[in-house]
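Given chain A, put chain B in place with the hints provided.
Line by line, the protein sequences give chains A and B.
When we follow the numbering used here, the leftmost residue of the first sequence carries the number 1, and every step to the right adds one.
When we follow the numbering used here, the leftmost residue of the second sequence carries the number 1, and every step to the right adds one.
None of these hints come from the bench; they were simulated from the model.
It cannot be assumed that every hint is accurate.
[As the list claims (entries may be wrong)] Pairwise CB distance ranges (calculated):
#1 Thr164(A) / Ser104(B): 56 to 64 Å
#2 Pro738(B) / Thr164(A): 44 to 52 Å
#3 Ala418(B) / Asn170(A): 49 to 57 Å
[Unchecked claim] To give a feel for the contact side, a few chain A residues facing chain B, derived at Cβ under 7 Å:
#4 Ala122
#5 Pro124
#6 Ser128
#7 Lys145
#8 Gly148
#9 Ala162
#10 Ala167
#11 Tyr195
[As the list claims (entries may be wrong)] No more than 30 Å apart at the CA atoms, straight line, and that leaves these computed lysine-lysine pairs for DSSO-like:
#12 Lys152(B) / Lys476(B)
#13 Lys152(B) / Lys218(B)
#14 Lys257(B) / Lys145(A)
#15 Lys113(B) / Lys51(B)
#16 Lys16(A) / Lys152(B)
#17 Lys641(B) / Lys476(B)
#18 Lys145(A) / Lys152(B)
#19 Lys218(B) / Lys345(B)
#20 Lys113(B) / Lys476(B)
#21 Lys476(B) / Lys92(B)
#22 Lys113(B) / Lys136(B)
#23 Lys16(A) / Lys145(A)
#24 Lys92(B) / Lys152(B)
#25 Lys16(A) / Lys579(B)
#26 Lys145(A) / Lys184(B)
We put the beta carbon where it would ideally sit given N, CA and C, even for glycine.
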Amino acid sequence: MTDPIQHQRRSFVYRKLAAVGATFREMADTAVAASIPGATPALGLADLSPLPRLGYKGPNALSVLGAAGLQIHEENDMALPVPGGGLVARLADSEARLLGDPTGVGDPLAAYGDVAGAGCYAMPRRESHAWFLLVGDSGAECLAKICGVDLRPHRFDEERVAQTSLARINGIIIRGDRGEGLVYHLLADSASAPYLWDCVIDAMAEFEGGPIGIDMIKNAAGA
Amino acid sequence: MRLPSPHGSLIDRKKPITFSFEGRRYTGFAGDTIASALAANDVILLGRSFKYHRPRGVLTMTGDDANTFVEIDGTPNLLADVIPIREGMAVKGQHYSGSLIGDSGRWIERISKFLPVGFYYRSLFRPQGIWPLWEKLVRRMAGLGRVSLDAKHGYFDKQYLFADTVVIGSGAAGLSAALKAADKGEEVILVERQAVLGGSLNHARFDPDGSRGMDLAKSLTAQARAHPNIRVMTDAICTGWFADNYLPIIQGNRMYKLRADEVVVATGALEQPAVFRNNDLPGIMFGSAAQRLVRLYGVQPGTRAVVVTANEDGYGVALDLIDAGVEVAAIVDLNARSGVSEMAKAAAEKGVEIVRGGALHEAISTEGGLPLGAVVIADNAGHGQARRVECDLLCMSVGWAPSSALPAHAGAPVTYDASWHGFTVRETPPGLRVAGAVNGVWDLDAALEDGAGGSDIPATPSPNHHWPIFPHADGKEFVDFDEDLTIDDIRNAVADGFEDIELVKRFSTVGMGPSQGRQTATNAIRLTQEANGGLLADARGSTNRPPAFPETLGALVGRNFHPVRVSAIHHRHLEAGAKMLIAGAWLRPAYYGQADNIKAEVEAVRNNVALMDVSTLGGLEVRGPDAAEFLNRIYTMSYTKQQVGRSRYVLMCNDLGTIVDDGVACRLADDHFYVTATTGNSDGVYREMLFRNVQWRLDVDIGNVTAAYAAVNLAGPKARRVLERLCNDTDLSAEGFPYMGVRTATVAGIPARLLRVGFVGELGWEIHVPASQGEALWDALMEAGAPEGIRPFGVEAQRILRLEKGHIIIGQDSDALTHPHEVDMGWALGKRKAYFNGARGIQIQMKSNMTRRLAGFVLPAQTAALPEESQLVFRDGDIVGRVTSIAHSPALRRPIGMAFVAPDQATPGSRITIKGPGGRMMEAEVVQLPFYDPDNKRQAL
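Same shape as in the complex, but just chain A:
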């Protein structure tokens, strides 16, 4: 176990997790909330902000990534799994967002960290956006309190991407179920991370929701 302030790279919401008694685990160059004592909510919100993720944009970004061996969906606003537990979301003809393994174990993005090429520009997505994971069957109903997109599972397919407004800030929602559970990745402005965290926690209260650590994500996947 570790203390976030012993690391230079710190989650944007580590204080909120510390306040509910989270224990943190060291992972590479940072600390991630691993578990929260007594927390077995029906709907869980995990902070994955410290974990690796990448972004590339530019007219040739998708082709450069493809040449590096990454399989990207043919359609915009769709995602595909990255072998090893990650996801690559195609946001536009000229932009992709790569998310690492939400359990923090593997490093599926290792091969794509230094992708280079004309018309392909790296974006500091680990810094620009917070990354939260909403896990539980009431996820769509909870998100309906902060987002006007119909995210119900029968209307929002798995691996679909919505670039939309979340509690009045720009956000990206990716459905990425694990095992049998309904899972939504939430990406939004890192400077608004504490605000968005509070909004989601407030929205999930009626669904017996609360914060969880990444250990519960592993458990949900049967890993």
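Quick look at chain B alone, frame taken from chain A:
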């Protein structure tokens, strides 16, 4: 009086509930509303009317009228006929003086002759000066209910809902529509504003036996609730229709925002009153209200009744009353019918006198002036002998108006149909349809068919009487119960020249009360058209706008979102006692501790070393082969020859040549610039860049990385000493890292971009690092600077420091018309460039003589009260400018500022006159900028 079972389908007699009304305790049952529980206890006086304080009781029993406004546990204006009782509830009437029964405010009715419609437009302000006296009285007497300033806040929130089809209303047509759509596989949401599904099926009498409605309600309701495709929402009110079938639905403390592909409005119809003298007395109610009391709540609404009707419903009402043990003295049928329906036969068989072609003259109260005591009727359309009939209950069933608010919001024309004798909804826009009574379909089987979308719906006779209006020589025939408006009030409004219903409405306030014309519109249009000689056919009512029903402020504002952005270093500021200020969506530290500390923060920067969080400044990556050309076009200066490792000022203008933003552009590589922007406009700059490049199509990528970087400004003569302790992979000397230089380096082990820039005019660096490491950077710098006594400084100190250096703040020292020459920034315009955005606008502006220039000024050191920003600069009595910035300068030990002044006043040595606090004129001296370190030596150390 309470009736035995089976009357009272909604109440649970096993659960008695005690509550109080006007301080007295009463008992009802679970399922009772306040009005039904009080009626069961023979309490029929619920409130007083707005203008004349007339006694009022139950009228609709649906919450569609304002007669039953009460205050509950301190919350005013709640509808007693729909709110369920709960244990210990304390209910009070409203709008009375003294007591509800005694009400000393009733005196005002005696002077009603002096209060004709619109009287306040002609009086209350003459003679001159009298209004303050009237105002005190009007404020005391006007308004409905009292707001408690001690009311506790509730938790209100919102949620989006989605459906293929939403059905508003769950009567016969609504249930039929919902089941049909659900059977087709659609996702259906069924919205019902009452507590139970079924609408009029629950209380109306559709057949002489009286059971068909209830049986159908039971069956259809069970099917709807069991259907997997139907979500049922009861106690849920749809308050409006907005574009693309966007519907707000309020249920409890939540507002649902529902968007549906198809909307079926099956909201039924609103019973309409007969207009006759004293038609507002407690004891006079709609027939459907009496039926609700009997069937739903098991309450006998009176002991001896007269029913006035123009349709079959009235006969059904009479039969229900008889079943409830009420003596029905007479049925006054306004129509002189030749045929006799099954319902009429059944009523006649019960021995009820039926007065065909009858009329109403007036209602008479009992002694004491409160509830109904008798009515005066006549036959032969009122021309027959008038006679008095003793009764304590009069039920009106003379017509209906479609509950057409929602289709009206959607733009459907709602006009008077002369053959129907009432309003009808004409065509509806695509995606919305009306069904059932709201669509003028009056037969039960036809309504079921209409709800299911059938196309061959047989026409049914209109339930409406063409003219249920009976003027009386002594007046008090109320057209609008909310506003106490009578027949003469409408006629007089038209006589005053307000001929159109929209003008009659605004002048008289008819339909503008809490009921919003639900019981008013039909008779109001009839009287208006009669008075102005217009046709009733195709006459339109006044425009119907959302909300269709009252909405609490909590429902509207509840759980709104107010985004807040904070830097990664935010908590360190709080821990240091910062007073935060709001800058757009950001929170920034204004100063630390007390406001008195601002001076010490300024001095720390000038004489020592200090640290400021500047993370909120915009950050943009401009990359690509055309990056320099792009900056050349979007900003005023030249960038193609800017060296790698150097930064340069950027000034952005719009097409008019007005300054809109500034910052610095740092060249990190030939094809890579890192550009800063102001906190308040970084998103605007980003949008502008994207917009322009859509046109220019340069080979450049623009990325907004504002939140990705945390940044600090380490400033002061000892800044280098501190930084050298943490950064040993870069030459920080004046020669190795000159002013306006840029380096990538490592600070405290954190990868950083170092910018040697100087907004505050001292030796200093902006250090930009990945946001997640911003707090660690701050901690490291504070620790490294501890031997020097480093301290944080905030926005207020920075504002003084930059002012001493004569640096403008865009949007404070400039406005929406300021071009660069007005603020002495001609030096920032690339003279040799072929183009930059705004160049042409500046050229055009400069063809005219300048009318103002920004100048620095000083005031005497002993000036006590400083002028404030935006206070005016005068010359010879004319306004020539205004103060834009002002502060007491610690460095100069006197007040300094900047102001727009006349161009010839901008010469150093000129004197300007400022109108300061309290209107005091003060003289200031214009000086050369900057005020401090004019040779800029300190920032180049």
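- Query: Are lysine 257(B) and lysine 145(A) close enough, with their CA atoms no more than 30 Å apart?
  - Reply: Measuring from Cα to Cα gives roughly 10 Å; hence the hint holds.
- Holds or violated: lysine 152(B) to lysine 218(B), with C-alpha atoms at most 30 Å apart: 40 Å, violated
- Message: Given a cut of 7 Å on the nearest C-beta pair, is the interface hint for alanine 162(A) held or broken against chain B?
- Response: 13 Å, violated
- Query: Within 30 Å, alpha carbon to alpha carbon, are lysine 92(B) and lysine 152(B)?
  - Reply: 19 Å, holds
- Message: Does lysine 136(B) sit within 30 Å of lysine 113(B), going by the straight-line distance between their CA atoms?
- Response: 22 Å, holds
- Query: Between lysine 16(A) and lysine 145(A), is the straight-line Cα distance small enough, at 30 Å or below?
  - Reply: 21 Å, holds
- Would the hint on alanine 167(A) stand, with a C-beta cut-off of 7 Å toward chain B? Because about 4 Å separates alanine 167(A) from the closest Cβ in chain B, which is inside the 7 Å limit, the hint holds.
- Task: Quickly compare the C-alpha distance for lysine 152(B) and lysine 476(B) to 30 Å and report which way the hint goes.
- Result: 41 Å, violated
- Item | Hinted pair lysine 218(B) and lysine 345(B), Cα distance within 30 Å | Roughly 28 Å between the alpha carbons, so the hint for lysine 218(B) and lysine 345(B) holds.
- Task: Hold the hint about alanine 122(A) up to the distance rule: shortest CB distance to chain B must be less than 7 Å.
- Result: 9 Å, violated
- Query: Is the hinted pair lysine 16(A) and lysine 579(B) satisfied, with a Cα-Cα distance of at most 30 Å?
  - Reply: Judged against 30 Å, a Cα distance of about 21 Å means the pair holds.
- Proposed proximity, lysine 184(B) with lysine 145(A) (alpha carbon, max 30 Å): 29 Å, holds
Violation of the numbered hints given earlier is confined to hints 4, 9, 12, 13 and 17; the remaining hints are satisfied by the structure.
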